[in-house]
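Go ahead and model the full structure; you've got the sequences and the hints to work with.
Residues per chain are reported as follows:
2 protein chains.
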Amino acid sequence: MASDGTEIRASSLGEFGLIERLARILDESAKDGDGVPGLVLDIGDDCAAIRRESLTDVYTTDTMVDGVHFRTGEISWRDLGWKSMAVNLSDVASMGARPVMSLVTLGLTGKESLSDLEELYRGIADITQELGGVVAGGDIVRSPVLFITVAMTGEAAVTAGGAAFNRARLMAGSMTGSTAGAGYPTAASQLKFEAGSKQAADGAALLRRDAMSVGDLIAVTGTIGDSGGGLRVLADGLSGTAADLLKRAHFRPVPRMAAGVALVTQGVVSAMDVSDGIADDLGKMCMASGVAAKVRMPAVPVSDELKACFPDDFTAIALAGGEDYELLFSAPEPVMAAVAPSIGVPVSVIGEVIEGEPGSVTVVDERGRPIEMAVGWDHLDG
Amino acid sequence: MASDGTEIRASSLGEFGLIERLARILDESAKDGDGVPGLVLDIGDDCAAIRRESLTDVYTTDTMVDGVHFRTGEISWRDLGWKSMAVNLSDVASMGARPVMSLVTLGLTGKESLSDLEELYRGIADITQELGGVVAGGDIVRSPVLFITVAMTGEAAVTAGGAAFNRARLMAGSMTGSTAGAGYPTAASQLKFEAGSKQAADGAALLRRDAMSVGDLIAVTGTIGDSGGGLRVLADGLSGTAADLLKRAHFRPVPRMAAGVALVTQGVVSAMDVSDGIADDLGKMCMASGVAAKVRMPAVPVSDELKACFPDDFTAIALAGGEDYELLFSAPEPVMAAVAPSIGVPVSVIGEVIEGEPGSVTVVDERGRPIEMAVGWDHLDG
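Order-wise, the sequence lines are chains S and D.
Residues in the first sequence are numbered from 1340 upward in steps of one, following the numbering used here.
Residues in the second sequence are numbered from 1340 upward in steps of one, following the numbering used here.
If you are wondering where the hints come from, they were derived from the structure by calculation, not from laboratory data.
Treat the hints with care, since some could be wrong.
[Claimed, not checked] One-sided and incomplete, this derived list gives chain D residues near chain S with beta-carbon spacing under 10 angstroms:
#: 1; residue: Met1403
#: 2; residue: Gly1446
#: 3; residue: Ile1479
[Unchecked claim] Footprint (simulated), chain S over chain D, 3 or more residues, beta carbon under 8 angstroms:
#: 4; region: 1386-1399
#: 5; region: 1431-1443
#: 6; region: 1483-1497
[What the hints assert, rightly or not] Simulated restraints, written as ranges between beta carbons of each label pair:
#: 7; chain 1: S; residue 1: Gln1605; chain 2: D; residue 2: Gly1683; range: 46 to 56 angstroms
#: 8; chain 1: S; residue 1: Arg1587; chain 2: D; residue 2: Val1553; range: 49 to 59 angstroms
#: 9; chain 1: S; residue 1: Thr1448; chain 2: D; residue 2: Gly1412; range: 19 to 29 angstroms
Just so you know, these numbers come straight off a predicted model, no measurement behind them.
Where a beta carbon is used, it is the ideal one built from N, C-alpha and C, also for glycine.
Structure (structure tokens):
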């Protein structure tokens, strides 16, 4: 990417030399008081070590591969750094948890320039300073394709007493116990955890996928489809202010960290982030919760920019576009009424949880007629 | 790899179908009482969630890329699963910590067969049942090259009172404080952490790279060079019992989990695992600790099998081979004398920590003459 005459090939520095240069970016960007809470050891030893005071931690990982999840030359290196962290932060937000720290793995072809990788790390510094989850370590490996894997740890925002409402709500919910064994992932436990008992025993409140109840209202934060619209803008070569905003939504999504914590603090128990398209993701939540959903398309919040760029397609883009990183959640009407105006971001009620084939989502138009939906994309195929 | 007529291409199952099949392997392999301690949520939600009772956790990640760190067709899928976990478990062992759980990311080309990936997961189940670090979640992405990234969490084995000896020992050590900032990785902190003060404040004992002191004896567990020998066996096409043992050391290394905990429990403060070759890794420890080292080559433990296969080269292989996943540690003579016979694995004292150019390692032969060393390989170049 960089084209000045002084370009330094990153591989010429060796692994430790490169780590030192990239760590410098994070260091220079840090303000007083930034940093991993309780950090004992960061990069330079076999493991990072952190003193953890919370009772319940959450763990997630997401990977971006060149040519699959992004294209160098299309996304800037700084945005790539931002986005690789954002997708993980969004997972933490959608649990109602707070980010603690990250491990960053770079798979490098050896052709990357140092200045490009430094830009990548500036993007990482940008978002971790704003939203947390600072880098405590990682790994750099050689690879025929550039990829970035982030593993992130967070801590439950609400524990013990604060979860009392949650626990009562979960116990009273529509869930049945699963037959999951000794903590191992099973086909059954993948779809439904013993939410009530585990949550109660644990004392921590988390926003789960499997805790929707029939009668809940379904809502989303922000607007839906802008990131998918950004991808279409790139494919179609559109330009202008609206197109630029959509591209920014695609390249530099802002995960809803504070909103996630606000939701769990105010008694919401079921949420996920919108990464694969609202229809697909809502289907996953319904499947995990053993329920169905009905969504009113006119209620799905769509930006004026998306409508302006794609006056004919905005509905399809909003339903199936993906990578919105907004929060999709459900709650009984009284909880929703209290939460909607008080979590600091726009909330739109888009439908409700109903009985039916588990996982089935019906989207209806302004006259109540079902809208044919594109199937959500699959990570392995798409 | 699989060549039977019923081969199922893994990508035909889609991401969730594949996750279900692979999770089944872990489930079927699990015995009662296995599983992640305190698991609240495993795969199927946005994050894994775990109730943590320890005060200090460690975090590490390691990646294996096809064609760089292994070759499909050369290593079996089951061994590949084993090894991808072993390299992370070894990092946890070398901190004196106990493994808690793992996130596994698979980068798949789409050409892998289901049966091969199931074998991979059987290898993962083999080692986690034996040594811990069971899988709590992960990610599957499409990639032009097969890769496996594991992010692992562990907990300090010794905390508070148990670390009293450690703290005293650290405070009395040869370390000086670094100028590291607010917990951010810096060029300085990469080489030297504020070991004494952080360790004391934290109350947890960890085996660190930066805590060697002049006068310490240096030791290693097991034998050195077998894995590097296995790689040479493959390149040279050797066969026979000795060659097979070396290949096994390369494909299925056994990290020193119990020995790591035993070391930290008995007051050792400085260790790392041998991944890049004993000369290179000892150099890193010396650099981090601001000291130099002298190693007597005849004291370096080398297996009869390595000598049998490579009678002329075994010294070079032992020094620079890498991927031994033995523990390299230092301690004052009285501590070493107590520890060596009591950690359950063979321990060989190979040299001592001396004053000198930080990071410099001198290896001498049986007559005290310096041996010319090959430079340790670099992850980015090798």
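With 10 angstroms as the cut and Cβ atoms as the points, is Met1403 of chain D at the interface with chain S? Result: holds, 8 angstroms to nearest chain S Cβ.
Is the coverage entry for the region 1386-1399 of chain D by chain S consistent with the three-residue Cβ rule at 8 angstroms? It holds: at least three residues are needed, and the region 1386-1399 of chain D offers 14 whose Cβ sits within less than 8 angstroms of chain S.
Is the hinted range of 46 to 56 angstroms satisfied by the C-beta distance from Gln1605 of chain S to Gly1683 of chain D? holds, 52 angstroms
Take the region 1483-1497 of chain D, compare each residue's beta carbon with every beta carbon of chain S, and decide whether three or more fall closer than 8 angstroms. With 8 residues in contact (Cβ-Cβ under 8 angstroms with chain S), the coverage given for the region 1483-1497 of chain D holds.
Taking beta carbons only, do three or more residues of the region 1431-1443 of chain D come closer than 8 angstroms to chain S? Per the Cβ count (6), the hint holds.
Determine whether the Cβ-Cβ distance between Arg1587 of chain S and Val1553 of chain D falls within the hinted range of 49 to 59 angstroms. This hint holds: roughly 56 angstroms between Cβ atoms.
Let me know if the C-beta of Gly1446 of chain D comes in closer than 10 angstroms to any C-beta of chain S, holds or violated. This hint holds: Gly1446 of chain D lies near chain S, its Cβ roughly 6 angstroms from the closest one there, short of 10 angstroms.
With chain S as the partner, please determine if Ile1479 of chain D meets the hint condition of a C-beta pair closer than 10 angstroms. With a closest approach of 6 angstroms, the Ile1479 of chain D hint holds.
Is 19 to 29 angstroms right for how far apart the beta carbons of Thr1448 of chain S and Gly1412 of chain D are? holds, 22 angstroms
The earlier numbered hints are all upheld by this structure, with none contradicted.
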